[in-house]
Amino acid sequence: MSTTILPGAEKASFLPRVGTAQILLGLSIGILVVVVAVPVLLIFLNSFWVNGQFNALDVVRVLSRGETYEALLNSLILAGGVTVTGTIVGTFFAWLVSRTDLPFKGLMKVLFLIPFMLPSFIGALAWKMLLSPRAGYINRLFMDFFGTDTPLFDIYSYQGIIMVETMYLFPFVFIQVSGALERMDPTLEESARISGASLFTITRKITIPLVLPSVVSGALLIALYSMAHFGTVAVLGVEVGIYNIPTLIYEKIHQSAGNFTSIRTATVLASVLVMTAAFILWLQNRVLSRGHYQIIAGKSFRPTELKLRGLRIPLLLFCLAYIGFTIVLPTVTIFCVGLLKTYGLPIALENMTLHNFEYILFEWDLTRGAIVNSLLLGFSAAVITMFAGVIISYVIVKMRVRGKGFLEFLGMLPFSVPGSVIALGTMLAWSGKFGINIYNTAWIILVAYIARYMAFSLKANSAALEQVHDSLVEAARASGATMWQALRDIVIPLVRPGMLAAFFLIFLPALRELTVSVMLYGPTTRTIGVAIYTLNEDGETVYAAALAGVALILIVTGEGLIKRLFKIGMKK
Amino acid sequence: MANVTIENVCKRFGARTVLDGLSLAVDDGECFTLLGPSGCGKSVLMRLIAGFEAPESGTIAIGGRAVADPARGILVPPDRRGLGMVFQDYAVWPHMTVAENVAYPLKIAGTEAAARAEATRRAVAMVGLAGLEERLPSQLSGGQQQRVALARALVSEPRLLVLDEPLNNLDANLREEMRFEIKALQRTLGITVLYVTHDQEIALGIADRLAVMDGQGHLRQIGTPEEIYERPADAFVFRFMGIANFLPVRRQGDGWVAGEAGVPWTGPPPQRPDALLAAGFRPSDVTLAREGVGMPATVRRASFLGASVDYLIEIGGTLVRAALPSHDCLSRGLLFAEGEACRVALDGVQWFAGGALEGGAA
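Residue numbers (my numbering), protein chains in the order written: chain A, 249 to 820; chain B, 503 to 864.
Isolated chain A (complex conformation) (with noise of 0.2 Å):
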């Protein structure tokens, strides 16, 4: 195409009926309806529509049935107690690495957010090894040690789920809480106590009401997590009939093979979920939009520190004392159990082999397969999900077009749905209700993790596209690109590093994902966290152990890689 005007060369197109616009919009539109939509809809559908009928009398039949109200109940009680005790441990470390002179804050800050890393259901493994009430190595230690038959603490409980939720969970809180408190302007509190108020009247009327806002967010996060969680419950609560909404609609699925009764059932609990879910969100989203005072500015302040003199060693092994009963116990747990020669040994050199871990990665099928798995599953939906987020937020961030609000309102719908819901409805959608029918093959997984993680991919992407200025793109197009071109050229060079935050943000986590590949797996699809969790199903707990580790070392890899990898980009 020529760039100079030729006199009189009449070469206008004509509106046109289909631009490139339009089929952005109806490529994004059709991904998100396809992948998270339709699944949720026929959840829907299918608990409160019975015999073509709008039936809601029938799910509060369900919903009232002793199981499925005993989950819920379990799902509140849960979720309310991980809210409760992950909040106050949150808030206070939250405090003591941002607003006293604790020695090493800066690394206790890190330290405090491995858990986000390490994935839940592992922890949960590691801690039935020291603390199942017979055969945990700590509970044997104590009763061994005092003679006595009763163990010192039951994990299989309310309180043992509680307590290990809270271990992988309070970081929600952590993040909130220490990031407002750095950014909180300290002549606030400084003016306060020229005018005479003590340190006591000032964290009571200023700090706190300041923070009270990420606080409640960050509880919220907890409560939405827990809520819909499946690993922790599944490995502590299953065991002695403690069942939450996610555990019983994995329950219900897997024992009833189709059976009617029991898919509804499930669907009605998805739905409760999917609803709770929403419902969570938007508090959140009004305690955050009310709590945005003007006074935690955007810039970052020296706050006052509290002096802890005496306190200040002590409180600095107590910080130590919980990463290392937190952190490196069942880490160090999970490596000794898989490198035991059978399980129930006692942890000494002389019963250890490398057996395990060389007939896991080399020679068993199953657990060599799983990670194959894992490692292709999480590639594809990562490269998946994070070019569908491109276009996606693109739309929304970028594009003016008619229909765009439609497009918006599906945007959000990923981030309100729990795995086992997706899960589910992918079931529902891809078992040959439609003609396609993928059930029990690695695309109905891969499937489900683009629904699960796409809400990753549009929060990175739309970041990045957000911090690319319409008129660079319009430069584009006043130099003759055309929009293709300009996307191309423009505007994914520019958010190369938001996508490259999305494939990690979702590669990584679909590597040790569970909830979703344990509903939807078949007898060569197992993934490493179904296999893990499989394994320890079946007893064999060395081998859960060990090919957990191998998931550990995998993990800390890649979280060590993206690191180096984003110090680097930043240089440049």
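Check each hint, because a few of them may be wrong.
[Claimed, not checked] Think about it this way: if two alpha-carbon atoms lie no more than 35 Å apart in a straight line, the pair counts; the simulated DSBU-like pairs of lysine-lysine are:
#1 646/A to 707/A
#2 681/A to 652/A
#3 707/A to 652/A
#4 707/A to 357/A
#5 652/A to 685/B
#6 357/A to 681/A
#7 707/A to 685/B
#8 646/A to 609/B
#9 707/A to 555/A
[Stated by the list, open to error] Label pairs and their in silico Cβ distance ranges:
#10 683/B to 804/A: 15 to 25 Å
#11 717/B to 654/A: 34 to 44 Å
#12 857/B to 744/A: 38 to 48 Å
#13 744/B to 527/A: 56 to 66 Å
#14 641/B to 639/A: 30 to 40 Å
[Said to hold, decoys possible] Partial pick of chain B residues on the chain A-facing surface, computed with a CB cut under 8 Å:
#15 516
#16 517
#17 518
#18 581
#19 591
Treat the hints as calculated values from the structure; they're not laboratory data.
Note that the coordinates shown come from a computational prediction; the quantities given were computed from them, not determined experimentally.
Note that the Cβ used here is the ideal one computed from N, Cα and C, for glycine as well.
Using the hints provided, position chain B relative to the given structure of chain A.
Just chain B now, with coordinates in the frame of chain A:
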């Protein structure tokens, strides 16, 4: 030929009508400035011409070729309108070097490598950036980035260059320098330039012709800078062209009185039938004297600004501003103190209807 013809163009955003039946013709080879307050719709008009917005009705033609005509279903996308554009925020691509930025339009057009390199080199040299080809935008100053944007807009030798407030983000010295350079480039290349700004000084300095747009998206006057400055069509244009004084003048018996209190008007009487008028004049149109002819007035504030002395003067209850050259004031003993009485005479008064008084002295 790259004349631009805009006929009856309407543009709405939701319920808000930004442009309502606007018509405008820009001649081939002229530097045409669109001047108006911020948010008046002038950037929208620019974006309509460039193709980033589509009009609801009306036609836009560039070089005789319709690029937007909803009635006939014509909407040429921006990449096929063949114009160069410079944006307010430069829009230099941060991931490309200076040379890559400038060469991009040619790359898209499929220009062969050697010719591309040569044209790029020339464009870069033209805006005075030779030697900086391999720099990234982050290593350039704001003025240099703006030059990159200019070189990029010119490299494919478009017949029409559209500039949307391109000098806004530059400091005063750089703004002036760039203004001269754009004008010089336009003369050398003989291209049509469409320049959007809210800065009357730039507009007057650069334009062959300019159009003044009001806050509602209506064109108030089109003309040469001299015409617009000397013969403003209405009070809005007059006020927009710099600091403006408006003094109420009303008929009283056979004569005229000025100000709210009504001191006798001593200038030539207005040749208009209205009973209430506004006399518009610039601070520099005011002559002060200690006594003699002129309207009696009081100095309310005096500030010595170096080259000139700035006075706030009360004439019959109305405050106006006057600027007198310091030399005159010093040599003729016209340095007034606050509260001193004086006599005021006015040159080059523009007469407007009494309604222009709303808003007072700008």
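We went through each hint and held it up to the structure:
1. Proximity of residue 646/A to residue 707/A is assessed by CA-CA distance (about 14 Å); at most 35 Å being required, the pair is judged to hold.
2. Distance hint between residue 681/A and residue 652/A is fulfilled; the C-alpha atoms sit about 29 Å from each other, no more than 35 Å.
3. Between the alpha carbons of residue 707/A and residue 652/A the distance comes to roughly 17 Å, so the proposed pair stays at or under 35 Å and holds.
4. For the given pair, residue 707/A sits about 24 Å from residue 357/A by alpha-carbon distance, which is consistent with the 35 Å threshold.
5. For the given pair, residue 652/A sits about 42 Å from residue 685/B by alpha-carbon distance, which is inconsistent with the 35 Å threshold.
6. Restraint check for residue 357/A and residue 681/A: the C-alpha separation of about 50 Å exceeds 35 Å, so the hint is violated.
7. Simply put, residue 707/A and residue 685/B have alpha-carbon atoms about 45 Å apart, too far for the 35 Å limit, and the pair is violated.
8. About 24 Å separates the Cα atoms of residue 646/A and residue 609/B, which keeps this hinted pair within 35 Å; it holds.
9. For the suggested pair residue 707/A and residue 555/A, the alpha carbons sit about 39 Å apart, so the restraint of at most 35 Å is broken.
10. Roughly 57 Å separates the CB atoms of residue 683/B and residue 804/A, a value that falls outside the hinted 15 to 25 Å.
11. Between residue 717/B and residue 654/A the Cβ separation comes to about 35 Å, which falls inside the hinted range of 34 to 44 Å.
12. Distance hint check: the CB atoms of residue 857/B and residue 744/A are about 58 Å apart, inconsistent with the given range 38 to 48 Å.
13. Against the hinted window of 56 to 66 Å, the Cβ-Cβ separation of residue 744/B and residue 527/A comes to about 59 Å, which satisfies the hint.
14. Between residue 641/B and residue 639/A the beta carbon distance is about 32 Å. The supplied range of 30 to 40 Å therefore holds.
15. Interface restraint check: residue 516/B against chain A, minimum CB-CB distance 11 Å, threshold 8 Å, status violated.
16. A hinted interface residue such as residue 517/B counts as satisfied when its beta carbon comes closer than 8 Å to some beta carbon of chain A; here the least separation is about 16 Å, so the hint is violated.
17. The criterion of a C-beta within 8 Å of any C-beta in chain A is not met by residue 518/B, whose closest approach is roughly 15 Å, and the hint is violated.
18. A hinted interface residue such as residue 581/B counts as satisfied when its beta carbon comes closer than 8 Å to some beta carbon of chain A; here the least separation is about 5 Å, so the hint holds.
19. Nearest Cβ of chain A to the Cβ of residue 591/B: about 6 Å, under the 8 Å cut. The hint holds.
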